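J.: Same order as they appear, the protein sequences are chains A and B. For the first sequence, this note's numbering begins at 1 and goes up steadily by one. For the second sequence, this note's numbering begins at 1 and goes up steadily by one.
FYI, nobody ran anything at the bench for these hints, they're computed from the structure. Errors might be hidden in some of the hints.
[To be verified] Under the rule of at most 20 Å between Cα atoms (straight-line distance), these lysine to aspartate or glutamate pairs were calculated in the DMTMM-like manner:
id	chain 1	residue 1	chain 2	residue 2
1	B	Lys228	B	Glu198
2	A	Lys7	A	Glu38
3	A	Lys87	A	Glu160
4	A	Lys277	A	Asp296
5	A	Lys224	A	Glu194
6	A	Lys94	A	Glu11
7	B	Lys130	A	Asp33
8	A	Lys123	B	Glu41
9	A	Lys228	A	Asp206
10	B	Lys55	B	Glu38
11	B	Lys29	B	Asp63
12	B	Lys130	A	Glu38
13	A	Lys96	A	Glu288
14	B	Lys12	B	Glu256
15	B	Lys277	B	Asp300
16	B	Lys123	B	Glu159
17	B	Lys123	A	Glu41
18	A	Lys7	A	Asp63
19	A	Lys130	B	Glu38
20	B	Lys130	A	Glu41
21	A	Lys130	B	Asp59
22	B	Lys10	B	Asp296
23	B	Lys96	B	Glu52
24	A	Lys130	B	Asp33
Being a predicted model, the structure only gives us computed values, none of them experimental.
2 protein chains.
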Amino acid sequence: MINTLVKNIKEKNAPIVVGLDPMMSYIPKQITDKAFAEFGETLEGASNAIWEYNKKIIDATYDLIPAVKPQIAMYEQFGIEGLIAYKKTCDYAKSKGLVVIGDIKRGDIGSTSAAYAVAHLGKVAVGSNKIAAFNEDFVTVNPYLGSDGVNPFVDVCKEENKGIFVLVKTSNPSSGEFQDQLVNGRPLYELVAEKVVEWGNQCMGDTYSNVGCVVGATYPEMGKVLRKLMPNTYILVPGYGAQGGKGADLVHYFNEDGLGAIVNSSRGIIAAYKQEKYAKYGEACFEEASRQAVVDMLEDINQAIGRA
Amino acid sequence: MINTLVKNIKEKNAPIVVGLDPMMSYIPKQITDKAFAEFGETLEGASNAIWEYNKKIIDATYDLIPAVKPQIAMYEQFGIEGLIAYKKTCDYAKSKGLVVIGDIKRGDIGSTSAAYAVAHLGKVAVGSNKIAAFNEDFVTVNPYLGSDGVNPFVDVCKEENKGIFVLVKTSNPSSGEFQDQLVNGRPLYELVAEKVVEWGNQCMGDTYSNVGCVVGATYPEMGKVLRKLMPNTYILVPGYGAQGGKGADLVHYFNEDGLGAIVNSSRGIIAAYKQEKYAKYGEACFEEASRQAVVDMLEDINQAIGRA
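In isolation and in its complexed conformation, chain A is listed as follows:
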């Protein structure tokens, strides 16, 4: 699957991913009004509004981008109905040729991680049938439980040609609380990075591994070190835009081939119409604002890494 992601990135000259993390407050009034009129102010109403909103954003941007990254928590908060919108969003994005990175941050003991891996990347056995439940292309994985919590995901990646991104250094302000703690003089996230390389060696694509990692845009110095520590590991980079990361900060997340990193923006794209810069589009044309924000993000990043 990493080969497909790299191919998409090259073809579109776009090392970016759009985070589909819908908040009700982002969704334009014309969409929520319609959904609430049909389904009421219910979980079903919210779910339908989210789905319509996502669909319009995908339709307006899919030709420019290689992938989307729906954040499952934003759907899970609307319960079963919300997860139906998550599934519809994943399926629709795939039908548009996009790689789907499910941002699920799951991770547990072995047998339980195996169930999560099956849920999101594999197929579950029911009687004599094998059925894919959510069927994303990649998912994010939390490494706190160690190798036997990650290996079941790697196993499914091998069987199904799927991929994962393991949290190494997250973008949030207090990520250092545990991740930066020094172990024999080196931060814990470097130990995790070394394990990511080990896990990834079992599951290589052509140049990069199907086991990638997550390193936040908000820690560029650490990104530079981690890039060197994991030369064949794709880095999923959250924290660009709304969280403070800029294109110029991201140069060292990439390898010299211009590959090796994929930068996520969520709010900055999907709620672009709320920014002064894109105010002219208004709520009515929110998806055109999203498209322009993708164009601008691409220019910012490609210029920084010398691909513009």
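Keeping the supplied structure of chain A fixed, place chain B upon it in accordance with the hints.
T.: Using the frame of chain A, we list chain B on its own:
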């Protein structure tokens, strides 16, 4: 919510929780046959089999136990249909007076953790309505992202009188890979434990905090140290039974008041009929085997901690 859990534990003299982690291979043939006949070998068929299985186990054990702990991964692998069974199981257990500990091991950056907290412990805003989606009483939380990933859960616990159990030292064989790494001469899990105390101080019940922790039964020496480090923190203890933990190993997870820990058994209870010890019940009376396994587990643990 910790007060309710403690009250249930005292009333039933039962510091245990039954893990509702259904695998298809555990479910007796009479149940899967019936579900597949009605719904086919589909996700819906699997989901219905799981629900019937859980319901019978709850009916056969609820008067003996204070709580159940459904592991959401085992449902998520069956997609939307599986999560419907999860929700039905949680609701049914609550209707029987049981405390429901959702073993979800979520955790993310602040705004995303807030969405998970709302999904599982709180209420989501839809227009002018506030709606509870999954509505467990407690959930488990992964601390790898640090305080700003945990605090949104603590905030919802305060608002809604709910609780969490934060992973400190997990029961799996490779949990030490990162959790045991020494930071200034002390294992990382002790640093996490100190943070658990800090988070918990914001959210106290009468004696214990609504912020509990997870420490595996498989590491009794560490459990002893952690017990002292977190005197007012309830410890959820997985790893008893099938994973190798025994009652005698668990003495030091409890405080002198005989409280402070709640021991989970999943397979050992729900698939008891598959053990030689309970073979006489057979598949047909699997729920009676589960009941007897609860009785035996209670005796083992209460004897070890001097409550028998």
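J.: All the hints need checking, so say for each whether the structure fits it.
T.: Taking the hints in turn, this is what the structure says about them:
Among the hinted pairs, Lys228/B with Glu198/B is consistent with the structure: their alpha-carbon atoms are about 15 Å apart, no more than 20 Å. Restraint check for Lys7/A and Glu38/A: the C-alpha separation of about 41 Å exceeds 20 Å, so the hint is violated. The suggested pairing of Lys87/A with Glu160/A holds, with an alpha-carbon distance near 19 Å, which does not exceed 20 Å. For the suggested pair Lys277/A and Asp296/A, the alpha carbons sit about 11 Å apart, so the restraint of at most 20 Å is met.
A C-alpha spacing of about 15 Å is found between Lys224/A and Glu194/A, which places the hinted pair at or below 20 Å, so the restraint holds. With a C-alpha separation of about 16 Å, the suggested pair Lys94/A and Glu11/A falls inside the 20 Å cut-off, and the hint holds. For the hint pairing Lys130/B with Asp33/A, the CA-to-CA distance comes to about 17 Å; that is within 20 Å, so the pair holds. For the given pair, Lys123/A sits about 13 Å from Glu41/B by alpha-carbon distance, which is consistent with the 20 Å threshold.
Proximity of Lys228/A to Asp206/A is assessed by CA-CA distance (about 19 Å); at most 20 Å being required, the pair is judged to hold. Only pairs whose Cα atoms come within 20 Å are accepted, and Lys55/B paired with Glu38/B is accepted, the gap being roughly 18 Å. Restraint check: the Cα-Cα separation between Lys29/B and Asp63/B comes to about 26 Å, which exceeds 20 Å; the hinted pair is violated. Between Lys130/B and Glu38/A, the direct Cα distance comes to roughly 18 Å. Compliance with the 20 Å bound is thereby established for this hinted pair.
Distance restraint check for Lys96/A and Glu288/A: the Cα-Cα separation of roughly 18 Å lies within the 20 Å cut-off, and the hinted pair is therefore satisfied. A C-alpha spacing of about 18 Å is found between Lys12/B and Glu256/B, which places the hinted pair at or below 20 Å, so the restraint holds. In summary, the hint linking Lys277/B to Asp300/B is supported, as the alpha carbons are separated by about 15 Å, within the 20 Å threshold. With a C-alpha separation of about 10 Å, the suggested pairing of Lys123/B with Glu159/B holds against the 20 Å cut-off.
A threshold of 20 Å between alpha carbons decides the hint, and for Lys123/B with Glu41/A the separation of about 13 Å falls inside it, so the pair holds. Proposed proximity of Lys7/A and Asp63/A is supported: the alpha carbons are some 14 Å apart, at most 20 Å. For the given pair, Lys130/A sits about 18 Å from Glu38/B by alpha-carbon distance, which is consistent with the 20 Å threshold. The suggested pairing of Lys130/B with Glu41/A holds, with an alpha-carbon distance near 9 Å, which does not exceed 20 Å.
Proposed proximity of Lys130/A and Asp59/B is contradicted: the alpha carbons are some 31 Å apart, above 20 Å. With a C-alpha separation of about 18 Å, the suggested pairing of Lys10/B with Asp296/B holds against the 20 Å cut-off. Between Lys96/B and Glu52/B the alpha-carbon distance is near 15 Å, which keeps this suggested pair within the 20 Å criterion. Among the hinted pairs, Lys130/A with Asp33/B is consistent with the structure: their alpha-carbon atoms are about 17 Å apart, no more than 20 Å.
In terms of the numbered hints stated before, the structure departs from hints 2, 11, 21, listed from lowest to highest.
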